[in-house]
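Protein chains in written order, with this note's numbering: chain D, 1 to 112; chain F, 1 to 112.
Don't read these hints as lab results, they were simulated from the structure. None of the values given here were measured: they were computed from a predicted structure. Built from N, CA and C at the ideal position, the CB exists for glycine as well. One thing to keep in mind: the hints can contain errors.
[Unchecked claim] Examples of chain F residues toward chain D, derived with CB under 7 angstroms:
1. Gly43
2. Phe46
3. Ile48
4. Asp49
5. Arg51
6. Ala78
7. Gln81
8. Pro94
9. Arg98
10. Gln99
11. Phe102
12. Gly105
[Said to hold, decoys possible] A few chain F positions that, by computed beta-carbon distances, are all more than 12 angstroms from chain D:
13. Ser28
14. Asp31
15. Gln38
16. Leu65
17. Arg93
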Amino acid sequence: DGGITQSPKYLFRKEGQNVTLSCEQNLNHDAMYWYRQDPGQGLRLIYYSQIVNDFQKGDIAEGYSVSREKKESFPLTVTSAQKNPTAFYLCASSPGSYNEQFFGPGTRLTVL
Amino acid sequence: GESVGLHLPTLSVQEGDNSIINCAYSNSASDYFIWYKQESGKGPQFIIDIRSNMDKRQGQRVTVLLNKTVKHLSLQIAATQPGDSAVYFCAERPGSARQLTFGSGTQLTVLP
């Protein structure tokens, strides 16, 4: 089965803790993206990566970090510096930067 | 920065009727547009895309129209079905950018 997987589906975190969200794709896509979605709103870009070992900040990168050590994996760490981390996080990939993006099922993060 | 917006946040249609979802964009440099469908608690699904050298593109039960003169994009769904109930997002990519900008979405509700 080809596609994008995100885990876990639901994640709970205590204030002050870092947490890492997983994103894996077996589509052989070069580009990968992380978005944040708040209730009733659109998607906001956190980070994106066009190639292994390279990534760029999106519109709301503060309080987040990423790595791209492998083509198929693009984990997102939500750090304690993120003031309002409760949200729905979506990972996407595309064959290149100029193509449609394919989305994973999302991870809902709740800070307790 | 420039943004993508939607005229109506909600739309209700009778089952079997046609639906039209509108989207206004402000960046005249955008050359690629996508419509996504997002069901509750899931990741967005690609519906159809269109490049700026086209005015119209048809898929299965869906048609996207692009009016570059007034910077307007629309998604037409023929014979709307209950399974079409979802939030629909348009996204644009400015020609120089390598990422998409998403609108805030329209909630489509299909009435029995």
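Against the structure, the hints come out as follows:
Contact between glycine 43 of chain F and chain D, as hinted, is supported at the beta carbon level, the nearest pair being about 4 angstroms apart and thus within 7 angstroms. Below 7 angstroms, beta-carbon pairs count as interface contacts, and phenylalanine 46 of chain F has one with chain D at about 5 angstroms; its hint therefore holds. At about 10 angstroms, the closest approach between the beta carbon of isoleucine 48 of chain F and any beta carbon in chain D exceeds 7 angstroms, and the interface hint on this residue is violated. The beta carbon of aspartate 49 of chain F comes within 6 angstroms of a beta carbon in chain D, closer than 7 angstroms, and the hint placing it at the interface holds.
Because the beta carbon of arginine 51 of chain F sits about 10 angstroms from the nearest beta carbon in chain D, more than 7 angstroms, this interface hint is broken. Interface restraint check: alanine 78 of chain F against chain D, minimum CB-CB distance 22 angstroms, threshold 7 angstroms, status violated. Checking glutamine 81 of chain F against chain D: minimum C-beta separation of about 22 angstroms lies over 7 angstroms; hint violated. Violation of the interface hint for proline 94 of chain F is found here, the shortest Cβ-Cβ separation to chain D being roughly 11 angstroms, above the 7 angstroms cut-off.
Interface hint at arginine 98 of chain F: satisfied, since its Cβ lies 4 angstroms from the closest Cβ of chain D, which is below the 7 angstroms cut-off. Taking 7 angstroms as the C-beta cut-off, the interface hint given for glutamine 99 of chain F holds, the closest approach to chain D being about 6 angstroms. Satisfaction of the interface hint for phenylalanine 102 of chain F is found here, the shortest Cβ-Cβ separation to chain D being roughly 4 angstroms, below the 7 angstroms cut-off. Residue-level restraint check for glycine 105 of chain F holds (minimum Cβ-Cβ distance to chain D is 6 angstroms; threshold 7 angstroms).
No beta-carbon of chain D is positioned within 12 angstroms of the beta-carbon of serine 28 of chain F; the least distance is around 18 angstroms. With a least CB separation of 9 angstroms from chain D, aspartate 31 of chain F falls inside the 12 angstroms interface cut-off, contrary to its annotation. For glutamine 38 of chain F, the shortest C-beta to C-beta distance to chain D comes to about 8 angstroms, within the 12 angstroms cut-off, and the non-interface label is violated. Non-interface call for leucine 65 of chain F relative to chain D: holds, since the shortest CB-CB distance, roughly 18 angstroms, exceeds 12 angstroms.
With a least beta-carbon separation of about 7 angstroms from chain D, arginine 93 of chain F fails to lie farther than 12 angstroms from that chain, contradicting its non-interface assignment.
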